[in-house]
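Peer 1: Sequence:
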Amino acid sequence: MRFPKTAKIIFFATANIVFFYILYLWAKHNIHFHELMLAMKQSSMFSLWLCLLLNLFMLVLYGKRLALLVVKPVKKAFMVVCVGFGLNNLIPFRLGDALRVYFAKKTHGFPIPEMIVATFVEKCLDLMCVMIFALALFFARGAIANEKMFYTALTLLVLIVAAVLASRHFLLYENKIKVYFVKHQIISRLISSLEKFFSNKNHFSVICYTIVIWFFTWLIFYSYFKLNIHGHLFGWIDAVALIVVTTISFALPTALAGIGIFESGVVFYLIKFVGLDPAYALALALVLHFIICMPQILLTCAIFMYRKK
145 MRFPKTAKII FFATANIVFF YILYLWAKHN IHFHELMLAM KQSSMFSLWL CLLLNLFMLV
205 LYGKRLALLV VKPVKKAFMV VCVGFGLNNL IPFRLGDALR VYFAKKTHGF PIPEMIVATF
265 VEKCLDLMCV MIFALALFFA RGAIANEKMF YTALTLLVLI VAAVLASRHF LLYENKIKVY
325 FVKHQIISRL ISSLEKFFSN KNHFSVICYT IVIWFFTWLI FYSYFKLNIH GHLFGWIDAV
385 ALIVVTTISF ALPTALAGIG IFESGVVFYL IKFVGLDPAY ALALALVLHF IICMPQILLT
445 CAIFMYRKK
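Counted the way the numbering used here counts, the sequence shown spans residues 145 to 453.
Everything labelled a hint here was simulated from the structure, so no lab data went into it. Take these hints with a grain of salt, some might be off.
FRET-style restraints, in silico, Cβ to Cβ [stated by the list, open to error]:
1. R285 / P217: 41 to 47 Å
2. Q186 / C445: 29 to 35 Å
3. R285 / A242: 42 to 48 Å
4. K345 / K416: 42 to 48 Å
5. M449 / R285: 43 to 49 Å
6. A280 / Y450: 38 to 44 Å
A virtual CB, placed ideally from N, CA and C, is assigned to each residue, including glycine.
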């Protein structure tokens with residue numbers, strides 16, 4: 145049964161309204177605006193600049209990885225990456241991922257099938273890294289207490305790896321799939337692009353860049369909270385936990401830039417597992433979200449202004 149488009153929009157809008165209203169009630173009873181402002185001023189300036197620079201460098205790594213996937217210049221791939229992230233921060237439903245494909249085709253001539261395949265490969269690799277983080281979290285926190293979630297993450301990771309290996313085998317060594325879809329032009333072009341990717345020799349480089357990207361993601365979370373949390377223990381596994389929580393919030397399609405969902409996940413963890421004051425936990429979450437999203441938005445605006453010239 146397929147729901148009308150209007151019904152889906154109403155459902156997502158209602159879900160957002162209910163969520164933000166609950167968030168408002170919680171903030172109203174637990175946090176005062178004056179306390180929040182004071183808490184935000186306590187953030188280490190060094191941690192802000194450090195995380196900002198790490199975030200910008202990570203965007204360059206994303207651009208380099210995309211350049212390897214589509215075999216295009218790094219500068220153009222970097223612009224496409226920035227536009228994708230920036231639009232995801234401004235537009236709900238993760239439309240930035242789709243619009244960056246159009247932007248890449250319109251401004252740089254990237255083939256749409258190759259961009260779709262590259263985006264799919266990126267998502268698979270990133271999801272595998274998140275699953276590895278989740279497994280590390282379950283091991284560190286005690287897998288027995290989270291047995292179902294542990295096996296769910298492990299199964300998902302194995303299925304993704306198996307699907308990638310099976311796709312590579314069938315596309316490179318079997319012709320049945322290509323022959324079956326030969327009359328479907330769009331699917332045939334996607335299969336050809338995927339086959340082209342699997343036949344390239346840069347798989348190891350793409351995987352290495354993915355590992356480095358997620359290491360820097362962990363470094364941003366760890367350094368930011370480690371430098372700003374005093375009097376409470378904050379270890380490497382806490383940074384891993386926050387990465388898993390915030391990645392899920394960014395993946396949800398109903399909120400712009402994960403606003404509210406990102407903060408609620410971080411605040412809940414910092415209060416429950418680290419023991420921070422609610423106002424200070426929210427202040428740290430807001431500042432980190434700003435550091436992550438604002439450079440992407442500004443770079444997107446700069447790229448569009450540059451393209452107009």
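Peer 1: Hints numbered earlier in the text: which of these fail when held up against the supplied structure?
Peer 2: 3
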